[in-house]
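Protein chains in written order, with the working numbering: chain A, 291 to 761; chain B, 291 to 761; chain C, 291 to 761; chain D, 291 to 761.
No lab work stands behind these hints: they were computed from the structure. Watch out, some of these pointers could steer you wrong.
Any copy, or any two copies together, can satisfy a pair, since identical chains are not distinguished.
[Unchecked claim] Derived pair list, reagent style BS3-like, types lysine-lysine, alpha-carbon separation capped at 25 Å:
(1) Lys-564 to Lys-640
(2) Lys-594 to Lys-564
(3) Lys-640 to Lys-594
(4) Lys-532 to Lys-594
(5) Lys-484 to Lys-626
(6) Lys-532 to Lys-564
(7) Lys-356 to Lys-626
(8) Lys-656 to Lys-484
(9) Lys-744 to Lys-640
(10) Lys-640 to Lys-531
(11) Lys-720 to Lys-564
(12) Lys-706 to Lys-362
(13) Lys-626 to Lys-655
None of these values were measured; they are calculated from a predicted model.
Protein chains: 4
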Amino acid sequence: METSESKFHDECAIFGIYRHPEAANVTYLGLYAQQHRGQESSGIVSSDGSDHHIHLGMGLVADVFKREIIEKLHGNMAIGHNRYSTTGASKLMNAQPLAIEYSAGYLAIAHNGNLVNASTVRAELEDIGSIFRSTMDTEVISHLIAKSSENTLFSRVVDALHQARGAYSLLVMNEDEMIAVRDPKGFRPLVMGKLDGATVFASETCAFDLIGATFERDLKPGELVHVTSDGVRSHFPFPPKKSCQCVFEFIYFARPDSNIFGRSVHEVRKNFGKALALELPVEADMVIPVPDSGVPAAMGYAEKSGIPFDMGLIRNHYIGRTFIEPESRIRHFGVKLKLNPIRSLIEGKKVVVVDDSIVRGTTCKKIIGMVRSAGAKEVHMRISSPPTTHPCFYGIDTPTKEELIASNMTVEETRKFIEADSLAYLTQEKMLSIFGDEAVDFCTACFDGNYPIKRFDMDIVQAELFDSIRK
Amino acid sequence: METSESKFHDECAIFGIYRHPEAANVTYLGLYAQQHRGQESSGIVSSDGSDHHIHLGMGLVADVFKREIIEKLHGNMAIGHNRYSTTGASKLMNAQPLAIEYSAGYLAIAHNGNLVNASTVRAELEDIGSIFRSTMDTEVISHLIAKSSENTLFSRVVDALHQARGAYSLLVMNEDEMIAVRDPKGFRPLVMGKLDGATVFASETCAFDLIGATFERDLKPGELVHVTSDGVRSHFPFPPKKSCQCVFEFIYFARPDSNIFGRSVHEVRKNFGKALALELPVEADMVIPVPDSGVPAAMGYAEKSGIPFDMGLIRNHYIGRTFIEPESRIRHFGVKLKLNPIRSLIEGKKVVVVDDSIVRGTTCKKIIGMVRSAGAKEVHMRISSPPTTHPCFYGIDTPTKEELIASNMTVEETRKFIEADSLAYLTQEKMLSIFGDEAVDFCTACFDGNYPIKRFDMDIVQAELFDSIRK
Amino acid sequence: METSESKFHDECAIFGIYRHPEAANVTYLGLYAQQHRGQESSGIVSSDGSDHHIHLGMGLVADVFKREIIEKLHGNMAIGHNRYSTTGASKLMNAQPLAIEYSAGYLAIAHNGNLVNASTVRAELEDIGSIFRSTMDTEVISHLIAKSSENTLFSRVVDALHQARGAYSLLVMNEDEMIAVRDPKGFRPLVMGKLDGATVFASETCAFDLIGATFERDLKPGELVHVTSDGVRSHFPFPPKKSCQCVFEFIYFARPDSNIFGRSVHEVRKNFGKALALELPVEADMVIPVPDSGVPAAMGYAEKSGIPFDMGLIRNHYIGRTFIEPESRIRHFGVKLKLNPIRSLIEGKKVVVVDDSIVRGTTCKKIIGMVRSAGAKEVHMRISSPPTTHPCFYGIDTPTKEELIASNMTVEETRKFIEADSLAYLTQEKMLSIFGDEAVDFCTACFDGNYPIKRFDMDIVQAELFDSIRK
Amino acid sequence: METSESKFHDECAIFGIYRHPEAANVTYLGLYAQQHRGQESSGIVSSDGSDHHIHLGMGLVADVFKREIIEKLHGNMAIGHNRYSTTGASKLMNAQPLAIEYSAGYLAIAHNGNLVNASTVRAELEDIGSIFRSTMDTEVISHLIAKSSENTLFSRVVDALHQARGAYSLLVMNEDEMIAVRDPKGFRPLVMGKLDGATVFASETCAFDLIGATFERDLKPGELVHVTSDGVRSHFPFPPKKSCQCVFEFIYFARPDSNIFGRSVHEVRKNFGKALALELPVEADMVIPVPDSGVPAAMGYAEKSGIPFDMGLIRNHYIGRTFIEPESRIRHFGVKLKLNPIRSLIEGKKVVVVDDSIVRGTTCKKIIGMVRSAGAKEVHMRISSPPTTHPCFYGIDTPTKEELIASNMTVEETRKFIEADSLAYLTQEKMLSIFGDEAVDFCTACFDGNYPIKRFDMDIVQAELFDSIRK
């Protein structure tokens, strides 16, 4: 259920292009293709070599940008950003890219990730008189760059990032340079490619597909790619570390037609499904996915188990706009707006329902209820990831432990709560086995609590997290 | 490709509810669930027993209606209507339901279908001094009801419909009665059900699923259901005729989770796919659907042929909003906004692509080009309906014969045009065989030109059609 | 207080232009200049000789029309209409011009006025089967034209108007003719002029000033001006009648920079003020107008009385948009949004406040309270028209007699209610004396109840009036 | 012509209220009443004692704030700001109040004025690593406050302002204190009053009139008013200086119903007019103002000269919204949208036209042309201020010297350019004489170039000014 409000968010999309005659328009398309990674706000900063041009707005890419706006974003360089969806029009201060003026001139930054020492660094910066106009850790990074005693943009960025800890895929631009960075542990994806000779960067390859760019490669963890008029140079200024790529990108976030971390998202998901078929096998008449994120896993499950696959739940394509609820309570109403079971298909059948993950369990419970109302004899829930027991601090806005059902209930208790006839998760071991030797390169903190970076200001982060959730 | 602009339209959705405390809100939901049948405009008329309340607007249901508007649509009766998508804000005059005042009071009509003698009757009405404010044939029906010398709403409606020829599923409402009608040949669907004791009508059962209503039955061709405070009565005032249900509802229009004409849309589509697998069998590695309308047929095809099914084309969920195209031409751009192939899945494979129909052939050609660019070794196009060779005059806005590729090219010529390695359509015979004895109850005019109703004013209709297409 | 919601409305503006290359754009400007006569909705119909183009919308002219809309209103003929301000988005059906198709083709009508036999004729039309989609009497006129057995547009219009009684200034247009009509009693204004050789019509001359057209003359009561490719011809098809021009146009409606009924609005208002100075003379320090409609009369008053004039009440220019009221009650809040007294000017002074009319008395009471709060020692209210005691049935939406304060209270009672130190109205005799010999050409029904046209269906009208007010 | 785009801008309005249950709503009203001082953007920050709430938006107050937004601005303290009108949606970063977080917590600032050393201080701040997200000098002030080594808000503000030079009226707020400041020279106005026991601040008293607050007094130049839960305290932390109050507030900016700098704006304007009547006396038939800013001066002129006053130019009340210009050029089109002369009044007359100032001369020329077209025999232009020869650097965005007609032409040359029969300005001497002994307390730099504060970074300011004008 890719667009569900009940799942994780706080993911973002970034896009950049260096020296292309239609830089802003291509960036617009690159953000459009990555709309699934952030629906709250969108922004583009372009540079024409001397002046920068910026437009930020709340809402979807196609609503934020109109032709006359794109036409004003002059220049052959641009970076763009999509932010996740929350409410509150006054949050425009948090829209990205962040554009600042400082001693060395103008700077624009687009950031996907989360610093774990943002509060600490911010407090230090405030102590020496810095002011903040947003709650973004991107603003912290911009301060570090501005305060650096280095002389070039490149060394300022390196200097700044030496003080930053956590997850970040960044695009930084001034009037004639662009720098793309993936943090030393490589939490978030970042890919590079070519379009008509121009260098392009994106969070996911699906952005390249739409604009017709050629995918070249993933940035490596810890890599800085510096693009100037002299060409593209790769740097590794940080000491090498063990990679900690986010496995949840494969489970839920990325578009199935993207390649990230060197793999096809669709294929990985399908393989998760195949592996899942081996967990608690069950006799059933049909495997149905929770569309759309559950589809590849369900196909893999069906293939491996031999149980026929079918699209038993139909997704409504007009979701996501304002909606008026009736006063008289309709059973499973919220979920019904998004999904509808095909009774003729399900009636009298033993059904395996495959979804990618369970967060609070409430949506899952409604889906099972709906499938049962459509006449299913048995409903077996299968989840193509391990139980999510720990919050993420590297760029995904998971609920607190208190809200994560797997953090508070055993699998059997969860099964009872969601009213399934059986429930099985993909074990962490089987999940990682899909990646073979590269299994060690992934972060699994949300499943096992093994946080790869010490949580400098975790208390603060957590307090803020609570706070943002309370709101 | 359910929301594609390149396919058929002119279909509409209707919904009605009699004596329910939240009549307008439930109607809003009923229209919301049927959004796929019309995106141009939406409207609701409610009645509180003495006054009628109306709201019409251009755009999607969720944009046309806001809470404060729904709250003003007082009363326990309501009918609603969604209209197909075209451009032109000044078209509000053509939005439905149509509300009129006449000698017997107030009347509201929601209509799905097309009268084949509308121009003729309209000319006759104009000859005796009638005026028209829209181009809707619904306005013709309202004139006929108003001019009838009968005394009751019921007999006026029957009288009026005796003069109407063509396809119509209608809901008519005054201050305390509701009449639902399906034309004698039953071209368009119309279902009835119950919600909290109140009688409800809809074009498709998916509307009932969302509001939690119980489906009772399809109206029969030629049936008038008259709902008053005395209860629900069924009438058959017209001489019985051979049914001519629209087979295209199964092929393309209806939502897969709906039941219409007594059958599951999903199941019929899947059976089309199974039958299609027998036409021109081909050795291939994978069957991929053009989402979403091609999915069930592709699954049926895969099942029957034994070739593995996969979701090789990913649909972008944010389509349908305003969009800024770049000046530099990107190959297959329009289609890329909607669909993206998964290269890792397709590369080096022989692929069968299943779609529901081909209209002009241009979109199909782009999809094949895109699949080939993603590395497919062979692309075999399979269409789960016969070649569309004739325009429809019973409620679907097909292009003219000049534009229908199957009307101007042989299958082999079409194959060359769309650049497929092979192309096969489901034959009409096999398509109809799915319905068994009921095969005779369907209209197949768009495939064979056997129009079941004499075209009274076809010249005029066609001229208008040309005209509307030119615009 | 020209834009006040508490005063009269139901006035409209019309504009037409025949054979000008920028017909729609000029019509837009003509409506813009006449915005004060109607703020609810606006519309333009243009004709390019074969096709008509229409755009209607709720709101102000500058909001309803955008450049891209004007550009689609092709052709060298156009008529336009502004309608008065009420609430209710669903009222678009009542927006004008009304465009219809009938036996003789296409027709567009823009109407300013009110038929007194609209309900009766409508009932007769409904009896013979006519339907109505709006509550406009313009639709009644369109039916009469369509039902006429005459052959030409001109004779159809004459035929139709023989059956219409009441107040109407009309513009009727088909593909190559335009007809302008003022009813036999000439209730509402209608002027004609020339722009670059093209014939133009407007309700008021201020429209001509903006577009740079030359004013030629008022249409005469009962005159039909028929414009065709052969030129402009004047006709008087109705038996001559005594004129009954609306004196309230001078008192309140028309813009002071317009000429109507052969006179300058500003000059007439100033003369009203001079005459008013002779009614109940008072010793005072200052004459202040209620802006803007009271300004000329106050200047006349000051001139005649010798009491100094000053702008003691300042008008807020940003009124008319949505507004959020505080919960804590602020004294005279509603009026304060529009007007603010200058304390330094008023404090300790005996003040004469001049306004054009009193309707319910509540606004007047608030203004006096406000002036008193600003320190006035005495407040003498002077009204530049006689007491409004009777509702209008010829195009102005006055409240019912029950609501008109002058219909229910003596002048002394009114004075007490509004808390003025003294109150005087301009007598009807003095008011009419301004017009000299032409005094007999004016309607004074709202002051004396001498309705010049028998009220055919007054009961119905009144019932509707009540009804519309209740809403 | 108060809303004209062709005159000065860059003025702003500020409003603040301390401890009132409807703080945000009252602030909204206070901004609404001061809309004339800034139409580009509007914003409110409220505090509920622990959290701050902010809403900023582009456009008019009544469009930026809706009921649901006001309801979210919790708390009993609030400050608000209106900014002048320019184009460019991306300018939201420049909307105020500015809200920041820094070492001592949260801070909000609303600023009316202009620092003359903003660029210099900004450069110094950037040199030590500060970043800027806007081009506002308000951001400079916020940095100075944050960087101060003082401990309390009050001493931080005093410390910061010791480094600021130029014109500023400020409101500063944290979670439980509010500080109002007028710069030592008192360039811009700032008044204080009481509403239901709560302390209120505004730029002009008209804000107090609307909300029903009692005006207490102007803040004195160099005064800081510190409001806490302990009460209101006045401070004068800066060395006393000669006052330099902006005389242009009286000439053009302030609303005539306001009191600023201890005087009634209306009365001062009228006195300007009286004095103006003594400059180059002329025989004429009529004095007409350019509404609305020219009205009081014209009345004073008429009174003194004995020439009758009349409203010969009528202002269109619907100006200020988007507008579609015709292609065919209409004479004086831009001005005609705003003003229309009354021909019947003007024809054949010798007319004195009174306006408050001339900037570029182009609008003035059009007005004279229009008055002449309306038949005036002679047109004598009288300006109720001295020739504007120098740009302002203290908060008013005058054009550069190159654009100021009085800077480049003699009075006689100007007369020829604007095609007046005669032209006279009010001399600076006579203008100042109106203020008696207080004449020395005003800044007259725009008339004589005697800039009261050394222009620290004038070059930079001017460059920016050029730049902003070029755009």
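Structure-based check of all given hints:
no. : hint               : result
1   : Lys-564 to Lys-640 : both (19 Å within a copy, 23 Å between copies)
2   : Lys-594 to Lys-564 : both (5 Å within a copy, 22 Å between copies)
3   : Lys-640 to Lys-594 : both (17 Å within a copy, 22 Å between copies)
4   : Lys-532 to Lys-594 : neither (33 Å within a copy, 48 Å between copies)
5   : Lys-484 to Lys-626 : between (43 Å within a copy, 18 Å between copies)
6   : Lys-532 to Lys-564 : neither (28 Å within a copy, 51 Å between copies)
7   : Lys-356 to Lys-626 : between (33 Å within a copy, 20 Å between copies)
8   : Lys-656 to Lys-484 : between (45 Å within a copy, 23 Å between copies)
9   : Lys-744 to Lys-640 : neither (46 Å within a copy, 50 Å between copies)
10  : Lys-640 to Lys-531 : neither (48 Å within a copy, 42 Å between copies)
11  : Lys-720 to Lys-564 : within (10 Å within a copy, 35 Å between copies)
12  : Lys-706 to Lys-362 : neither (57 Å within a copy, 40 Å between copies)
13  : Lys-626 to Lys-655 : within (13 Å within a copy, 36 Å between copies)
Going through the hint list in order, the structure does not satisfy hints 4, 6, 9, 10, 12.
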